[in-house]
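The whole structure should be built from the sequences, with the hints applied where relevant.
As given, the protein sequences belong to chains E and Y, one line each in that order. Residue 100 in the numbering used here sits at position 119 of the first sequence; the count goes up by one each step and never skips. Count along the second sequence from 1, add 10, and you get the number used in the numbering used here.
No lab work stands behind these hints: they were computed from the structure. Just so we're clear, the structure is a prediction, and the values are computed from it rather than from any experiment. Certain hints may be false.
[What the hints assert, rightly or not] Below, computed lysine to any residue pairings styled on SDA-like, alpha-carbon distance capped at 25 Å:
| id | chain 1 | residue 1 | chain 2 | residue 2 |
| --- | --- | --- | --- | --- |
| 1 | Y | Lys185 | E | Leu43 |
| 2 | Y | Lys178 | E | Ile73 |
| 3 | Y | Lys197 | Y | Gly227 |
[Claimed, not checked] Some chain E residues near chain Y, calculated using beta-carbon distances under 10 Å:
| id | residue |
| --- | --- |
| 4 | Glu(-15) |
| 5 | Val(-3) |
| 6 | Asp5 |
| 7 | Phe8 |
| 8 | Ala10 |
| 9 | Asp11 |
| 10 | Glu12 |
| 11 | Ser13 |
| 12 | Tyr16 |
| 13 | Val17 |
| 14 | Gln19 |
| 15 | Asp84 |
| 16 | Pro86 |
| 17 | Thr91 |
| 18 | Leu93 |
Cβ coordinates follow ideal geometry from the N, Cα and C atoms, glycine included.
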Amino acid sequence: MIWEDARYSVSRYWPVGAGMATFDEVFQADESLEYVSQRRAGRAHNDYLEIAIEAGAFGLALVAAWALWAFVSAWQAIAAPQRWPALGGFAILLTIGLQSVLDYPLRNQTMLCLAGLAVLLLAPVASRGTRRSGDAENMQ
Amino acid sequence: MIRALWITLMASIAVCAVGAELDRASRREPALSAVVPGPFRSFAQERLTTTVVRSGTPAVAMDTARTLVRRRPLPSEHLSLLAIAEERNGDRAGSGLLIQAAARRGWRDSIAQQAMFDIALGAGDPAEASRRLAALWSQNEDQVPLGDLTTRLLATPQGRKAMAETLKTPGRWQKAFLSPSSENMSKELAETIAEADRAGARLDCTSLGRLGQFYAGQKRTDEEALVTGAIKNCTKAD
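As structure tokens, this is what we get:
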């Protein structure tokens, strides 16, 4: 129910977005009478929709860039000796990404820290992979 | 020199963080509104304006409400507060325009919804009035005279027809609207329910059952019969 009205909010503020942390205020104006009750929807319960409302195309592009980085890094990690910690980090990020379809895990401080840790697990393997290919080019 | 700049930068960030967090905290703790420094007042400004707009001098009310709308222009309630301040300063036309603008921003602001209900009813637009009344029922606030507003709308056949049409679209507000209460149990309500049923509305079985029981308990057989007729086509809530 929230998503239906939230999609309308996205179209109203696309492509620039309404501004970060404005969902609560923006959404109230676009709610259908059908769904209005005494309880307020403080969140979209779909972080991608909420980001689209608040940060527009730029926000979604940033999310896509993070997703791309995570997938490429995980792919590179498969051949690396430290693949299991890296793939563990990727699994955490993937889980968070999937849960964001139904909720807003990264708006919780603890989950944000966990996501940071997952990025750290994944990042060294990715950077080592880049460095190794750079070294190979230098040797040639 | 660099060290001094660094310390100044860190101190500035700390001041901003404390100001912004105090402001956010005032959302849950209204007493904190007074201690939030002026430049950081956003949520705190809403609390202050709510207090000042009715009890402060008209000039102060206007100044406070304008600051609120400048800082947080989106919420409907803020435009309503500015409308009250305008009204207190004698600008009735400006106040009316602001209330209408507030009413276009959702269904939750009871001040704007009540005002639009009056405007729509006065202008002979019962359909719009019925939607505003539905919005007010969705919030079910104690200070809103819901029974009185409902009686006014349902007093005319056009009003009952408009409300019956609005009842055709399902909504959470219907549960409150159809709940038995002494202030809202007129014969016109039963007639509206019957008209909605004839128009194809599928109302909640539990709510209608309670209404029927209430009328039966009061020995109001005509109303009970009207509601019982609608129960045949009712729908069970999930």
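Hint-by-hint comparison with the structure:
1. For a cut-off of 25 Å, the pair hint linking lysine 185/Y to leucine 43/E is broken: about 43 Å separates their Cα positions.
2. Between lysine 178/Y and isoleucine 73/E the alpha-carbon distance is near 46 Å, which puts this suggested pair outside the 25 Å criterion.
3. Restraint check for lysine 197/Y and glycine 227/Y: the C-alpha separation of about 15 Å stays at or below 25 Å, so the hint holds.
4. With a cut of 10 Å, the hint placing glutamate -15/E at the interface with chain Y is violated, because the nearest CB-to-CB distance is about 14 Å.
5. Of the supplied interface hints, the one on valine -3/E is violated, with its beta-carbon coming no nearer than about 15 Å to a beta-carbon of chain Y, more than 10 Å.
6. Taken as an interface hint, aspartate 5/E checks out: its beta carbon lies about 9 Å from the nearest beta carbon of chain Y, inside 10 Å.
7. With 10 Å as the threshold, the beta carbon of phenylalanine 8/E comes within range of chain Y, its nearest partner Cβ sitting at about 8 Å, so the hint holds.
8. Given the 10 Å rule on beta carbons, the hint for alanine 10/E holds: about 4 Å separates it from the nearest Cβ of chain Y.
9. With a cut of 10 Å, the hint placing aspartate 11/E at the interface with chain Y holds, because the nearest CB-to-CB distance is about 7 Å.
10. With a least beta-carbon distance of about 6 Å to chain Y, the hint placing glutamate 12/E at the interface is held under the 10 Å criterion.
11. About 8 Å separates the beta-carbon of serine 13/E from the nearest beta-carbon of chain Y, less than 10 Å, and the hint is met.
12. At a threshold of 10 Å, the smallest CB-CB gap from tyrosine 16/E to chain Y is about 7 Å, leaving the interface hint in force.
13. With a least beta-carbon distance of about 4 Å to chain Y, the hint placing valine 17/E at the interface is held under the 10 Å criterion.
14. Against a cut-off of 10 Å between C-beta atoms, the interface hint on glutamine 19/E holds, since the closest Cβ of chain Y lies about 6 Å away.
15. For aspartate 84/E, the interface hint is violated, since its Cβ never comes within 10 Å of a Cβ in chain Y; the closest pair sits about 21 Å apart.
16. The restraint placing proline 86/E at the interface with chain Y is violated, with a minimum CB-CB distance near 21 Å, outside the 10 Å limit.
17. The beta carbon of threonine 91/E is not positioned within 10 Å of any beta carbon in chain Y (closest approach about 18 Å), and the interface hint is therefore violated.
18. The interface hint given for leucine 93/E is violated, since its Cβ lies 17 Å from the closest Cβ of chain Y, which is over the 10 Å cut-off.
Figure legend: structure checked against the earlier numbered hints; hints not met, in rising order: 1, 2, 4, 5, 15, 16, 17 and 18.
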